[in-house]
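Student: Order-wise, the sequence lines are chains F and W. Counting from 186, one number per residue, gives the positions in the first sequence under my numbering. Counting from 881, one number per residue, gives the positions in the second sequence under my numbering.
Treat each hint with caution, since some may be false.
Claimed, not checked - Which residues of chain F face chain W? A partial, calculated answer using Cβ under 10 Å: (1) Leu197; (2) Val225; (3) Ser230; (4) Ala233; (5) Gln234; (6) Leu235; (7) Ala238; (8) Phe407; (9) Ala410; (10) Pro524; (11) Glu536.
FYI, nobody ran anything at the bench for these hints, they're computed from the structure. None of these values were measured; they are calculated from a predicted model. C-beta: ideal position from N, C-alpha, C; glycine also.
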Amino acid sequence: MNAEERLRDPILCHSLLERLRALLGDEPMRFMEVCGTHTVAIFQSGLAQLLPANLTHLSGPGCPVCVTHDSEVAAFLELAENPEVLLATFGDLLRVPGPEGKSLKHAHAHGAQINIVYSPMEALTLAENHPQKTVVFLGIGFETTAPAVAATLLQAKERKLGNFTVLSLHKLVPPVLKTLLDDSACQVDAFLLPGHVSTVIGLAPYAFLARDYQVPGVVSGFEPADILLALCELAKARKEGRPCVRNAYPRGVDDMGNPRACALMEQVFEPKDALWRGLGRIPESGLKIRSQYADFDACERFALTFRPVKAIAGCRCGEVLKGAITPADCPLFGRRCTPQAPVGPCMVSTEGSCAAWYKYVGLKKEAKQ
Amino acid sequence: MADHLLLDAGSGGLASQRLIGQYFMQAFDNPILKVLDDAALLEAFTGKMAMSTDAYTVTPLFFPGGSIGTLAVHGTVNDVAMLGAKPKYLSCAFVLEEGLDLEILGRVAKDMGEAAKAAGVWIVTGDTKVVPKGSLDQIFITTTGIGEVLVANPPSGHAAKPGDVIVVSGSLGDHGLTIMAAREDLPFISDVRSDSAPLNGLVEALLQACQVHVLRDPTRGGFATTLNEIAKQSQVGIRIRESALPIHESVRSGCSFMGLDPLYLANEGKCLCFVPEDEAQKALAIMRSSPFGQEAAIVGSVHEDAAARVILETAIGGERLLGMLEGAQLPRIC
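Take the sequences, apply the hints, and build the full model.
Tutor: What follows is the structure in C-alpha cells.
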C-alpha cells in the first residue's frame, strides 16, 4: 500500500470513525467545508453516508464557479460577444448560466472565440499566437489560483504582450468565513479548512475563527482518513471547549503557507470588495489588479462594469452556500435544476454542492442512510 | 504527387485514383477491395448479421497506444463483436482536409491496415472526399462493420438478470485520460497509454464457453455511464465494489490531480460482460487468457431494483450512487 492508499484503508477509517463518535458523544455538531474538492471527496468516498448521525456536513462557498456572482457572469458573457476578444477560461466556467439562462457554451456555438486552458500560462501562449486579438483570461478561483495568474501577468509584462489581459474575479476564503459567522442564518460549529487554499496562505489568516468567534478550524487533506482525522480534531476542540486553528494536513500544507506565492499575489493584486453569489458584497474579499498593471486589467481595457442583474427566479443556491438548507431542500433541485439543465451554478460545477448531491446521493433529502 | 493533399484528389478523377492506389490499396490489401467496383461483393452469412457504424474524429490524430486509424478499426470491430458477432468486413469513408500532410495520411492508413489485419477483418470498400482547408480538422473517418452472429441469443443490454455477475476485461479510464493529456500537453500526466484494441477474439472465446447475457464496451461516458444504460434497459439494480475495480495508479493519480473520475473516461479496448454467477470464474479465466484481458476482474453483481440504480460500494465501506455522465468532464478550478 502506498501512502495515499493507506489513507483509504477501511480499517483505519473505521477506527477513526469510532474515535469521532466517542469524541462527539451525544452532542450535535454542524461542520462546514469550504472547498469543492472536500465536497466531492466526502461524497465520492462514501464518507457522507458513514458519518455519525449527530454530525451534520455542510458544503459552504468552496467552489469558485458556484460563488461567481450573476453580475460577473453577465460581464464575461458580454465580453465573449466582442469580436476583438479571445476568451481563455478553465473548462468549469463554460456551463455557468447567465441571467438569461445562456452560458459560454451558447456563446461558443454562436461564434464567440473561447478557448479552454488548463493553466493561465496557456492563455499567454494564445496571446502570442493571436496577436490580432485581445486575449482575456478569466481569473476565477481562490488563493490557490491567484498566484499563478499573478505570475502569468508578470510574464506578459516582461514579454511586452500588450494583447494579454486578465479579468480578475478572484475571491478570498478568510473574509467569507467571517461573513458566514456574522450571519445568523448560518449555524456552523466548526470549519474543515481547505487543503489547497491553505498551501498558499497557511494558518495565520484563520486565527480570527478561534480568537473572535470561538469556532475551531482544522486544515484537512482529501483522503477519507485525512478528513476523519481533521473531524476528530474539531470534535475534540469542541468537547474540550478550546477552540483552535490547526493543520491536520502537514504533508500538503506548511503552517506558514507559501510566502513566495503570497508575495506574487501581493505584488500584482490588492484586496477589493467583491460580489459573492447568495452572500452579496463582502468587504475586501476579492482581488483587483493593482494600478501599475492596469494595462493587463480587462476591466480597464474594456471599461467593464458589474451591473446589477435580476436574480434567477426560485434559485436557492445562496442558502445552500451558507449551509442554511441542503441542496435537496431547494424546490428546483432535481426537477427544474439538474446537471443537464442547471438553473443555478451550484448545479454546474462538478464540485458544486448541488451537483455533488445530485450525482452521489440522488433526490434523497438525507445523505446518510 | 505533392507532399500535401490537393482538392483534386477528391474529384473522382485520376488524382483520386492515385490517392487510393498509393495510400489505401496497399495498406488495406485484400482480394475483395482489389476488384475496385462500385460496391464490394460479399458472401452471404447463413445466420443473423450484426452491423454497426461509427464516425471518428480525435485530436491529436496520434497518441500513446494508438491513432485515429486504430480507433476507426477497433471501435467498429468492438461494437459489432458486442452483439455476439464475429466481425468480417469494414467499409471506410474518409473526409480529408485540403492541405493535409500526406505523410500523416499514410501513417493513418497503415495503422488501419495493420489493425484490420490483427483483428482478422477486411476493409472491403471505401470512399474519399477532400474538403477546402478549414472545413474540418485534418481527417474524419467513418467505418461501418458487419459480422456474423455466433449465438442463438445474442447478448443485449436488455438481458441483465438478477444474480448475474459483472466481469470487466481490464483497467478503466486509460484511453480518455491519454487523449486529454495528449491534447492539452499536460506534463504532469505521464505513463498513460490508450487501450485501443480489438476485442473480437476475446468475445468469441467467451461466447463459446459461457452464457453471456450482456456484453458492452464502455467507450464514451465510460464504465459508469454504460452500467447505467444497462440497468435502465434491463430494469435491474447493479452493485459495484470500488475496491475490485482495475484502475492503473497513473490513471488514478492523473485523474485526482485534474478532478476527473476514471469511471467516466472513455475506454477503447475493454468490455463489460454479464454472466450467471456460476460462470463468472470461467469468464474471468477466458478474459485473462487473452492478451487484451490480462487485468480482467469481477467487479459487481445484478440485483432486483425497480429504480434501476447503480450503487458503488466504496472502498471504506460506504455506498453511493454511480450515475450517468452529464456532459463532458471538465477539469476543475480551485
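Student: The structure should be examined with respect to each hint, and the outcome stated for every one.
Tutor: Results for each hint:
For Leu197 (chain F), the interface hint holds, since its Cβ comes within 10 Å of a Cβ in chain W; the closest pair sits about 9 Å apart. A hinted interface residue such as Val225 (chain F) counts as satisfied when its beta carbon comes closer than 10 Å to some beta carbon of chain W; here the least separation is about 7 Å, so the hint holds. Among the interface hints, the one on Ser230 (chain F) holds; its C-beta lies about 5 Å from the nearest C-beta in chain W, closer than the 10 Å criterion. For Ala233 (chain F), the interface hint holds, the least distance from its beta-carbon to any beta-carbon of chain W being 7 Å, beneath 10 Å.
A cut of 10 Å between beta carbons decides the hint on Gln234 (chain F): the least distance to chain W is about 5 Å, and the hint holds. The interface hint given for Leu235 (chain F) holds, since its Cβ lies 5 Å from the closest Cβ of chain W, which is under the 10 Å cut-off. With a least beta-carbon distance of about 14 Å to chain W, the hint placing Ala238 (chain F) at the interface is violated under the 10 Å criterion. A cut of 10 Å between beta carbons decides the hint on Phe407 (chain F): the least distance to chain W is about 8 Å, and the hint holds.
With a cut of 10 Å, the hint placing Ala410 (chain F) at the interface with chain W holds, because the nearest CB-to-CB distance is about 8 Å. The beta carbon of Pro524 (chain F) comes within 4 Å of a beta carbon in chain W, closer than 10 Å, and the hint placing it at the interface holds. Because the beta carbon of Glu536 (chain F) sits about 6 Å from the nearest beta carbon in chain W, less than 10 Å, this interface hint is met.
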